[in-house]
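Now for the letters of each chain:
2 protein chains.
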Amino acid sequence: MSPGLSPPREVNFATPRSFLTVFKSNLKETFFPDDPFGHLKNEPLISRKAKEVIRYFVPVFDWLPNYNFGLFKYDLLAGITIASLAIPQGISYAKLAGIPPIIGLYSSFVPPLIYTIFGSSKHLAVGTVAASSLIIAASIEEKVSPLENLTLYVSLVFTATLISGLVQLTLGVFRLGILVDFLSHSTITGFMGGTAILICLQQMKGMLGLKHFTTHTDCVSVLRAVFRNRNEWKWQSAVVGIIFLTFLQLTRFVKQKKPKLFWVSAIAPIITVIVGGLFAYLAHAEKHGIDIVGHLKKGINPPSINRITFDAKYISAPLKAGVITAMIALAEGIAIGRSFAIMKNEQIDGNKEMVAFGLMNIVGSFTSCYLTTGPFSKTAVNFNSGCRTQMSNVVMSICMLLTLLFLAPLFSYTPLVALSAIIMSAMFGLVEYDKAYHLYKTDKFDFCICMAAFFGVVFISMDMGLMLSVVLALIRALLYVARPASCKLGKIPDSSLFRDVEQYPNASNIQGILAVQLGSPIYYANSQYIRERIMRHVKHEQSVAALNGSGDIEYILLDLGAVTSIDITGVEAFLEVLRLLESKEIKMMLVNPRIGVLEKLTITKFIEKIGKESVFLSIEDAIEACRFSMKSSRGKDVADVNVA
Amino acid sequence: MSPGLSPPREVNFATPRSFLTVFKSNLKETFFPDDPFGHLKNEPLISRKAKEVIRYFVPVFDWLPNYNFGLFKYDLLAGITIASLAIPQGISYAKLAGIPPIIGLYSSFVPPLIYTIFGSSKHLAVGTVAASSLIIAASIEEKVSPLENLTLYVSLVFTATLISGLVQLTLGVFRLGILVDFLSHSTITGFMGGTAILICLQQMKGMLGLKHFTTHTDCVSVLRAVFRNRNEWKWQSAVVGIIFLTFLQLTRFVKQKKPKLFWVSAIAPIITVIVGGLFAYLAHAEKHGIDIVGHLKKGINPPSINRITFDAKYISAPLKAGVITAMIALAEGIAIGRSFAIMKNEQIDGNKEMVAFGLMNIVGSFTSCYLTTGPFSKTAVNFNSGCRTQMSNVVMSICMLLTLLFLAPLFSYTPLVALSAIIMSAMFGLVEYDKAYHLYKTDKFDFCICMAAFFGVVFISMDMGLMLSVVLALIRALLYVARPASCKLGKIPDSSLFRDVEQYPNASNIQGILAVQLGSPIYYANSQYIRERIMRHVKHEQSVAALNGSGDIEYILLDLGAVTSIDITGVEAFLEVLRLLESKEIKMMLVNPRIGVLEKLTITKFIEKIGKESVFLSIEDAIEACRFSMKSSRGKDVADVNVA
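For the protein sequence lines, the chains are A and B, in the order given. Using our numbering, read the first sequence as starting at 1 and increasing by one per residue. Using our numbering, read the second sequence as starting at 1 and increasing by one per residue.
Okay, chain A solo, but in the shape it has when bound:
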């Protein structure tokens, strides 16, 4: 292919699309990146279209019609297994949130049913989580102490749950999953690790049987509270706690060694609760300094819609707790659903999950449940127990119903120290040293973001730690935007390829021409930088040319293939570059502008200014054109001399 002979490939200077077209397409790309109804475009039947849309929004219609007994067998087993985990976890995390333990049991009854209808993950098991429980407690205790006014405190917890649900639903309906994307994996890793440490420290209260404790969550306050109240330490409690903890950790160890025996660790918590309860009942443990959960009322969830309060005096606390936990619960739930779906080569729709989580928390807040999401431990057990569909959540829900109706009082003998052991054991798994080390090895900045979350949570407070990390990650994102990479291109020998000369040192210069590739969108935050950078490339090239005695730069080719968009300030920067280059008698040429960029350059008349003949489809074409005019201008000089 000799470029001299082939007809010049033309740049497509189509008239710019109208604002509405571009806006619509951008809107669609931003909020419907998965194009859910793409395949319905050519569907003529409206009834079928409607059916498809309903099936899309309410996933239960998608899988229930094909459900059969063969699948149910698996779901039954998985459902019973996660129910056995839900009882101890429900009681434990409710204690962590400072609310009556029964609410923890209620929370595993209603929300799983809602999720079954609207949720799109087949493996997610609904339940309460430790981190969010602690955040709720920390936020609401700022306004009301559960010891002083439990009724109000619980009302505020329900209010926070409603707010969480509303936030999640809104995000889902307006397809703002994009916001959750800004909680990066590194942030979540650090945050979870930090929270796990905090929660473990908090369990010192239960392990040592302390009566007095701090409402602060940071590490220093908690340790101070533990050591200040040394007179309250009870060795009996500690001994029992360590025994339970050792048992739980052993079962984890078994699971790690033989993944097939995962069920051993899955049922360990309920065994701990049962054994602990029996022991407490038989040994009258409460008389020996080992506190028990205390009275648990029989019966299903009472309605709590009348307990929701928007009293201006307190609303700030549930508002803060609601918004933060909504985001964290979403980030955690969606990430977990996704990672299990990928193992089975399925896809999870983040926006649908948000709607499901939102509805489940809204309905939950009306039926005496507090915040639920898809916790990692429960979901992993569900997955490993071989669940096939969302039906396992229904099975768990029915188990909980039976528990609430008949067995609840039996759990009132559960020793608090057993709950602390269960929480601590669960938390150990959440500190991901390996992942942090992997981050350190592969990306130092991601590691910093992770550590900011970790140390922020441990030493300042949970919300500050999270904020710190998110802001750091945002600054990084903005730095990416503000300092886009650009590089000088050289010709790879024996080819028509032009590549970064730094990356491919054997790429050769082009006599009299400087080719620069710009990256990323060009706009206000980086346009000054790009202008400086282009001029620096020119300056550097000129100084090299002066050193080598080779000819001056006559042309600069800007490869815009990687520039996805440009704004007004960007175009102005280009105009400035054009003017600066003109004063140096260098001609600017554009190569391969993409559709959005070309449109903006046309509307702003930049193309008119440099001329359509200065825009090329490839660097090769541009160089060919430059060489031609360089030769012809030199030829003219010679001709002039001859005439003289």
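Be aware that a few hints might be false.
Treat identical chains as interchangeable: a pair holds within one or across any two.
Calculated pairs, EDC-like style, for lysine to aspartate or glutamate (alpha carbon to alpha carbon, straight line, at most 16 Å) [stated by the list, open to error]:
1. 344 <-> 576
2. 344 <-> 585
3. 24 <-> 35
Derived from the structure by calculation, the hints contain no laboratory data. Model, not experiment: these values are computed from the prediction.
Once you've looked at the hints, dock chain B against the given chain A.
Then chain B, alone, in the frame of chain A:
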């Protein structure tokens, strides 16, 4: 060039650079994009290096040694012209800031001298500005009223000036010019326009001779204050004001028609002041309801370092005023310096300007000056009067010195209404209808950002308007980042070029292969999107293939030429895509990864996973390889059949 015959061009799999190398190079790119000492690398003499460095940081050493009388002639004329503007502007804007008018005159004496030493713009004229004056007044009046405790009020203004200076110096020293880049032109346009409207409305006080007024700056409060105090309106004041305003606007009109007569409008304010003063003196104007400036003390700036106060009770006000005005003054001053430099094909270093502005405000705050920057009107007059170097600022400074020593008392007869007319006339020029219309025509989002600043300033408050606009611009930047463009590539006929099929509809598909170009950095905020987008490209391609009955997709080529960097979450997304593709029996190949991306993919072992043989330098090479293996695998099938 036939790709079948040429040896395969190799991707450079160099060992990744060390973290420190990458970090150093990123740091340099972020903070020293202009590479100021690049040319000193090969300089052996340390003394000469030091000299160069000093010349770089203190620009006066750069131009003063070559200064001569020929240049001075021009600077003298320009200096006298801007001094004639500095006197009325100094008095007017000081009134706007609620401080004694003499401080306005002081502020044109010391800061210009400092700028002459450290400033890098040859055309910038130093002076006070209306917008910042109003912000200072609005912020500090929240804490202290100038009517009740003028001494404290003025002290806080000096403190705010010091804080501004410190912020500017810090930004300059740490080369954080990048922060100012986040104030986009659209924001500044809207903000300036809104502020101009507010300031004009505020002048109703002076024009109507009102005694009582509001301390709020928003449009509604100001209009209410004007109409509530109708009983204070004085027609004499209004008549005189309108006469002055008409005169000033006429001179502007003359300038617009005949740009050569710019000096008519340049000296119009001082004429207004002189004529107004004479009139007030002769007609005893203050007896007829026309207030005058009042006593102005002879003598140069008294020291004010002892008046700086960091009293915790008041500090929040000067802190807020200082930080906001620092940023706005920088954005305005640097943008103006830049735009005039470009007219003369010179370049301005933003970081150096920040240092100069910072030093000038710090020294200013110690010598009874308040915030100064490079105002547009004064700089334009300086430029048009033919200034050659920073020396014109020295001339202005000397003129101000003489004024302060001998003429100050004469200006005490200046009617306030004349000052209002001067301010209003100056403000009319700052509402840039054309620019807003241009934004509307070319970029709707930029227009929204501009309007957010404009309406926010007019109807809420100056700082909220600015914030609103900056946040909107940031959201846009983050959206750019979160939704990078990607496109399907097709082969341009008769070439080896691959381009966006949407942009070049004649580009043809490649049988069994899908080539997708990704844009922008890939990282946590967009990695989920990119994964979805790639899978959607695949799904769409498969459905088209099914419709046409053509063969299935066997390969997907990801063109990474436009991907400038990738983070851990991005790599994880790639892994997910790889797994999803494997389940569909599609092979992933990478084309032209750039140096940073290839390094990250190597460290994280992604390259190991897909194999080096799946990475290519160009799409052509990749297709060649795919075709070869497609053919060979089919050939093998045939062979198997034959054997059977």
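Status of each hint after checking the structure:
Taking the closest pair of Cα atoms, residue 344 and residue 576 come within 16 Å of each other only across two copies (11 Å); inside a single copy the shortest separation is 54 Å, beyond that limit. For the identical chains of this complex, residue 344 and residue 585 are inter-copy neighbours only, at 15 Å across copies versus 61 Å inside a copy, given an alpha-carbon limit of 16 Å. With identical chains, the CA atoms of residue 24 and residue 35 are at most 16 Å apart within one copy only, with a shortest distance of 13 Å there and 42 Å across copies.
Consistency with the previously given hints is maintained throughout, with no hint failing.
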